[in-house]
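Enquirer: Residue numbers (our numbering), protein chains in the order written: chain A, 32 to 319; chain B, 33 to 363.
Just so you know, the hints here were simulated from the structure itself, not pulled from any lab data. Since the model is a prediction, treat every value here as computed from it, not as a measurement. Yeah, the Cβ is synthetic: ideal placement off N, Cα and C, and Gly gets one too. All clues stand as given, with none of them false.
Anything over 10 Å on all C-beta distances counts as not near chain A; from chain B, calculated: (1) Asn47; (2) Arg151; (3) Gly278; (4) Ile297.
Below, in silico cross-link-like pairs of lysine to any residue (SDA-like), each with a Cα-Cα straight-line distance of 25 Å or less: (5) A:Lys244 / B:Glu96; (6) B:Lys360 / A:Glu80; (7) A:Lys99 / B:Ser292; (8) A:Lys103 / B:Ala309.
Covered stretches of chain B (in silico footprint by chain A; criterion: 3 or more residues with CB under 8 Å from a CB of chain A, positions within the stretch not fixed): (9) 57-63; (10) 84-97; (11) 246-257; (12) 264-276; (13) 337-350.
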Amino acid sequence: MDSELIHQIGNQARDLLESGTVKGVIGYERASDGLTARPFFAYEPAAVERLIFDETCSYNLVKYLLDKKDEKMAVVVKPCDSRTINLLLNEEQIKRDMVFIIGVTCPGVVETSWNHKGQTLQARCQTCQLSKPLVYDFLAEHEPVERLEGELYLDIQEMETRPVTVRRAFWLEQFERCIRCYACRQVCPGCYCPECFAEQLDPLWMGIRIAPKENELWQTIRTFHLAGRCVGCNECERVCPVDIPLSLLNRKLEKEVKELFAFQAGLNPEELPPFATFKKEEKLGFEE
Amino acid sequence: MKLFTSKDDLIRWLNSLLRERIIVAPVRVQELTVFQPISKVEEIAFDFGNTTLSPKGWFLPPTETLFSVQNNDGQPKLVPAVIEKDAVIFGLHPCDARGIALMDSPFLQEPGDALYRERRARTALIGLACHQAQPECFCTSMGSAPNDPSHVDILLTEVEAGYIVQVVTEKGERLLPKGFVEYKGALPTPPEPQAIPIKEVIPAIRELFNNPYWERLADRCLHCNICAYVCPTCYCFDVRDYSDRGNLERVRSWDSCQSSGFTRIAGGYDLRPTKGARLRQRFYHKLLYFPEQFQDVACVGCGRCIKACPVNIDIREVMSDLQQLEAKSES
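Looking at chain A on its own, in the form it has when it is part of the complex (with noise of 0.2 Å):
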């Protein structure tokens, strides 16, 4: 645990609730099993105590900003959690005036479960290109962080090689486990719907059956509904109590829209997503 950045952490949280900037700070705290991390709702001065900072703070904690939407919050950003950050402020999900970024600098992350920390740094924390957040108002840093090179879409390509047949045996076998518990979506933050299309009655795209084709329809959809908005954070996979590889389905459309459009999701506020936004000379495909 890094104390330092801790410490500067919590003197930034303390300042902003003392002098009233903000409602409430969001960040970590140390979960149930005294290992772990889990995220921490601050409202008063005398609870930035409880704040930390570690390996285990993998909660990509921009997603409640979604929650809070008429009070000025500051929350925990680590460097691949901004990108959520840019990615909500080009849907206009949240003003930039209500939001105080704390960024923090991240040697990365390790997988965790309840009692259970990895030894290892995530896979995406592997290729981070990100030293520093992209956008913050109060940057906390320690020591300086190596950026790493390395291939990104490796699981990836060697999954293009698989013949369709077995990449199709494949998914059903993944998706025949799931639940319909939602998880997924509830904790992404690029899905926030006011009514998920899973839900639909009228019309009723899909229905309430916890089975193998409505299961692949759900995930099928969900995916496609990030195509070129999923910021990568991985929360999706990590929540998934039936271990479905998800980031392998999420990564191959991100792949595929930095290929054709030559963008990636929240790296630029300002930048229109592919799927926002239509150009004459795109071509279609069809009807040249």
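Assemble chain B onto chain A, guided by the hints.
Expert: Same frame as chain A, but now just chain B:
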């Protein structure tokens, strides 16, 4: 009656059971352990902490067809769901067996749920005593124990060289093969799960309905359905009719009080519109409404929700917080 079987004889017995019945047992699927019907006895995982999902899904499947209506040239024909084979759930821990006993209260109370009742009558439970307590377990605080035989038909306890076989019910006795010898030794000392104080939980929860505690706790809750779906006693479901070219199917699927549409009624009004109200419902149902209706607290201390919650909403911590809040409000 206590008997003994070697592991080899146990496997032989299971093989003979499998010829006539469905055996639902813990099976490893990648990193998970889940209850599912097996095709070979070798698939069974004997050594596991707790399964990822509870065995409740055998009696209340994630999705099932309650009945269908077929269109025979304009003449509708009602086709009820049929349960074809008897079954055995093998290897469930005593906490999960107690979970099933708790589910019996709502489902078997008159007029009862026909499908649940039939599945329950035609399924025998062969339990496996726990030889190790998990960090998230607290069954002894919730009226069960790692070696509790109360809610199974047969309980197996692993000892060196084999298993002690306690035959609990007549249903269990009928399953038993000939040739198991009597076991004269004592049962091994069970492991000791963590004990938590729960004596004051019900009075506390009665008083704290409007406490801001719930909205604060719900701040970090994602309102996914994980806790309800992994829970051995959560039993809420949704029912819908689906029609296709004149044929109709009435389907029941798991649902949860945590999802936002759960209490939305005609006209769009939502009885529990806030995150806090929804999260509170989970604990009120388990710790107050269920005991008011059926006596027991609807938690068996299996710890699955603790382990699976993505944001660490820990029911033990909630119970402790409530008792402290109540003590504070009294003083």
